[in-house]
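*Asks:* One-letter residues, chain by chain:
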Amino acid sequence: RKEVEQDPGPFNVPEGATVAFNCTYSNSASQSFFWYRQDCRKEPKLLMSVYSSGNEDGRFTAQLNRASQYISLLIRDSKLSDSATYLCVVNKEDSSYKLIFGSGTRLLVRP
Amino acid sequence: EAGVAQSPRYKIIEKRQSVAFWCNPISGHATLYWYQQILGQGPKLLIQFQNNGVVDDSQLPKDRFSAERLKGVDSTLKIQPAKLEDSAVYLCASSLDPTGELFFGEGSRLTVL
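Residue numbers (the numbering used here), protein chains in the order written: chain F, 268 to 378; chain X, 8 to 120.
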């Protein structure tokens, strides 16, 4: 089983739609979780951290379910500019605080 | 503030040749990472430095890959000899500490023919 698994998509949605991505992780000892965004042929950039209580940043909401070992990202009112690959990232806090990236979920927002 | 600098941006070599990539992290960032990203996949950690010490290199193919960060600032990643499957983007990232946000460079795109 992969340490971090994501549905690769692509998710093809119209502007204004609400879309949700899930990501599962295998190590129950993981403590820190993030969503990074990667535009085509660009480097990944932090979108948001994921806190135990859930957190919201504008149109984006991230949630963590430790019991089921998954995190989610909800995007409301999708914009064309949201088209990108969304990478789920889990920090395995052993001695190295290793960050493990999922393969990413591709989102295409159409006019 | 300057971001993470990487060079070269693009490199094309033939298999069995060698190549080196350079990375200059954001000033003051103690943690430096090299990731390999193959097309269609997420970044895979090759090596992680804390200052000039190696913290994790468990996924670095040590028979052909080497990396160093001699003075705890900039770093080089070398591949010798290259294989076809090494074709990928090599991303350097840095953070203030191991728990902090990662800032990535634009990457070095390697094509091995």
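Just so you know, these hints were derived from the structure itself, not from any lab.
Don't take each hint at face value.
[Unchecked claim] To give a feel for the contact side, a few chain X residues facing chain F, derived at Cβ under 8 Å:
#1 G49
#2 P50
#3 L52
#4 Q55
#5 L67
#6 P68
#7 F72
#8 D81
#9 T83
#10 D93
#11 E108
#12 L109
#13 G112
#14 G114
Everything numeric in this text was worked out from a predicted model, so none of it was measured.
C-beta: ideal position from N, C-alpha, C; glycine also.
*Asks:* If a hint holds in the structure, say so; if it doesn't, say that too.
*Replies:* These are the hints, each one checked on the structure:
For X:G49, the interface hint holds, since its Cβ comes within 8 Å of a Cβ in chain F; the closest pair sits about 4 Å apart. Given the 8 Å rule on beta carbons, the hint for X:P50 holds: about 5 Å separates it from the nearest Cβ of chain F. For X:L52, the shortest C-beta to C-beta distance to chain F is roughly 6 Å, which falls under 8 Å, so the interface hint holds. Taken as an interface hint, X:Q55 checks out: its beta carbon lies about 6 Å from the nearest beta carbon of chain F, inside 8 Å.
A cut of 8 Å between beta carbons decides the hint on X:L67: the least distance to chain F is about 13 Å, and the hint is violated. A least Cβ separation of about 17 Å between X:P68 and chain F goes past the 8 Å threshold, and the interface hint is therefore violated. The restraint placing X:F72 at the interface with chain F is violated, with a minimum CB-CB distance near 17 Å, outside the 8 Å limit. Proximity of X:D81 to chain F is violated relative to the hint, the smallest CB-CB distance being about 18 Å (cut-off 8 Å).
Proximity of X:T83 to chain F is violated relative to the hint, the smallest CB-CB distance being about 19 Å (cut-off 8 Å). The beta carbon of X:D93 is not positioned within 8 Å of any beta carbon in chain F (closest approach about 19 Å), and the interface hint is therefore violated. A distance limit of 8 Å between C-beta atoms decides the matter here; for X:E108 the minimum to chain F is near 5 Å, and the interface restraint holds. Given hint, X:L109 at the interface with chain F, holds; its Cβ is 7 Å from that chain's nearest Cβ, closer than 8 Å.
Because the beta carbon of X:G112 sits about 6 Å from the nearest beta carbon in chain F, less than 8 Å, this interface hint is met. For X:G114, the suggested interface contact is upheld, since its CB lies about 6 Å from the closest CB of chain F, less than 8 Å.
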